[in-house]
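Participant: Sequence:
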Amino acid sequence: MPNTPDILTIGNRSFNSRLFTGTGKYPSPEVMQKSLVKSGCEMVTVAIRRVQTQQLGHQGLMEAIDWNAFWMLPNTAGCSNADEAIRVAKLGRELAKVAGQIDNTFIKLEVIPDKRHLLPDPFGTLQAAEKLVKEGFTVLPYINAEPLLAKRLEEVGCATVMPLGSPIGSGQGLQNFANIALIIENANVPVVIDAGIGVPSEACQAMEMGADAVLVNSAIAMAGKPAEMAEAMAKAVESGRQAFLAGRLPKRTQASPSSPQTGLVHAKQE
Numbered sequence: 328m329p330n331t332p333d334i335l336t337i338g339n340r341s342f343n344s345r346l347f348t349g350t351g352k353y354p355s356p357e358v359m360q361k362s363l364v365k366s367g368c369e370m371v372t373v374a375i376r377r378v379q380t381q382q383l384g385h386q387g388l389m390e391a392i393d394w395n396a397f398w399m400l401p402n403t404a405g406c407s408n409a410d411e412a413i414r415v416a417k418l419g420r421e422l423a424k425v426a427g428q429i430d431n432t433f434i435k436l437e438v439i440p441d442k443r444h445l446l447p448d449p450f451g452t453l454q455a456a457e458k459l460v461k462e463g464f465t466v467l468p469y470i471n472a473e474p475l476l477a478k479r480l481e482e483v484g485c486a487t488v489m490p491l492g493s494p495i496g497s498g499q500g501l502q503n504f505a506n507i508a509l510i511i512e513n514a515n516v517p518v519v520i521d522a523g524i525g526v527p528s529e530a531c532q533a534m535e536m537g538a539d540a541v542l543v544n545s546a547i548a549m550a551g552k553p554a555e556m557a558e559a560m561a562k563a564v565e566s567g568r569q570a571f572l573a574g575r576l577p578k579r580t581q582a583s584p585s586s587p588q589t590g591l592v593h594a595k596q597e
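So our numbering is basically just the index in the sequence shown, starting at one, shifted up by 327.
It should be emphasised that the hints constitute simulated quantities derived from the structure, not laboratory data. Among these hints, one or two may not hold up.
Derived DSS-like pairs: lysine-lysine, alpha-carbon spacing no greater than 27 Å straight-line [said to hold, decoys possible]:
#1 K478 with K361
#2 K461 with K478
#3 K458 with K424
#4 K352 with K562
#5 K365 with K417
#6 K424 with K461
#7 K352 with K461
#8 K552 with K578
#9 K365 with K352
#10 K578 with K562
#11 K458 with K352
#12 K352 with K578
#13 K361 with K458
#14 K365 with K578
#15 K461 with K417
#16 K562 with K552
#17 K365 with K562
#18 K578 with K361
#19 K365 with K424
#20 K442 with K424
#21 K417 with K478
#22 K442 with K417
#23 K352 with K417
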């Protein structure tokens, strides 16, 4: 029998790829375009405020991406409180319509008042999420690896939870395994590891733990060869997912021989 497709469903949308990518920090639009293709991703996040204000690196971004090929995930980057995030989310919905995605209600919710460490505000995130869900948004909240917050966001109707592996752009990998594992264990919505992944092995590790997807931007865009790194990330995510579904060997406190212990040859007793 053919294998059943391993589909990821978020809200009312299904994805074959479990690697999501971003659009910032690329050296040129051409490099970004090539990297998106090499990544095999189907969803791409876009900072609404940067597009609206035509900030450096985002001029012509909307025109540079084939929005028939990629699902837009507008994000509220740059918002420091819930009210700002809600207003910008509504702009994001309009931005998706401009791209031709009339039914796109997705929003990556970021509420980050701390401009130095870029850690998300749990209280503002929850407040904004509750209101946006009530207004019909498909909310994907970016959060610290906090299991109780993740569960509360799920309860108010968020379509995913997106705990950070480590601070944005730091490349430190997964720094809080225990909490991330608890979030994955308790979640009834997809868990997407967002921020901090620096190399493919870390993306693979996240998927091996049971994460449903990863979002990678800086590690691809700022690599020496972004397109090649995008392809490597895609392979790592696929490998990690396959390993998770296969089921790992349980850890043991002692060695366990891989060869049978019957029929052993013993030295002849004199």
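Participant: Can you confirm whether the C-alpha distance between K361 and K458 stays at or below 27 Å?
Facilitator: 37 Å, violated
Participant: Regarding the pair K365 and K424, is the alpha-carbon distance no greater than 27 Å?
Facilitator: 26 Å, holds
Participant: Is K578 within 27 Å of K361, Cα to Cα?
Facilitator: Between K578 and K361 the Cα gap is close to 41 Å, so the pair fails against 27 Å, i.e. violated.
Participant: Quickly compare the C-alpha distance for K424 and K461 to 27 Å and report which way the hint goes.
Facilitator: Holds - the C-alpha atoms of K461 and K424 are around 20 Å apart, at most 27 Å.
Participant: Tell me if the straight-line CA distance from K365 to K578 falls inside 27 Å.
Facilitator: 35 Å, violated
Participant: Is the hinted pair K562 and K552 satisfied, with a Cα-Cα distance of at most 27 Å?
Facilitator: Holds - the C-alpha atoms of K552 and K562 are around 16 Å apart, at most 27 Å.
Participant: What's the verdict on K365 and K352, does the C-alpha distance respect the 27 Å limit or exceed it?
Facilitator: 17 Å, holds
Participant: Check the hint pairing K461 with K417 against an upper bound of 27 Å on the C-alpha distance.
Facilitator: 13 Å, holds
Participant: Holds or violated: are the alpha carbons of K365 and K562 at most 27 Å from each other?
Facilitator: 10 Å, holds
Participant: Just to be careful, I want the Cα atoms of K552 and K578 compared with a cutoff of 27 Å; is the pair within it?
Facilitator: Answer violated: K552 to K578 is near 37 Å, above 27 Å.
Participant: Quick one, are K461 and K478 close enough, alpha carbons at most 27 Å?
Facilitator: Measuring from Cα to Cα gives roughly 18 Å; hence the hint holds.
Participant: Sort out whether K352 lies within 27 Å of K458, counting only the CA atoms.
Facilitator: 31 Å, violated
Hint compliance for this structure: hints 1, 5, 7, 8, 11, 12, 13, 14, 18, 20 are broken, all remaining hints hold.
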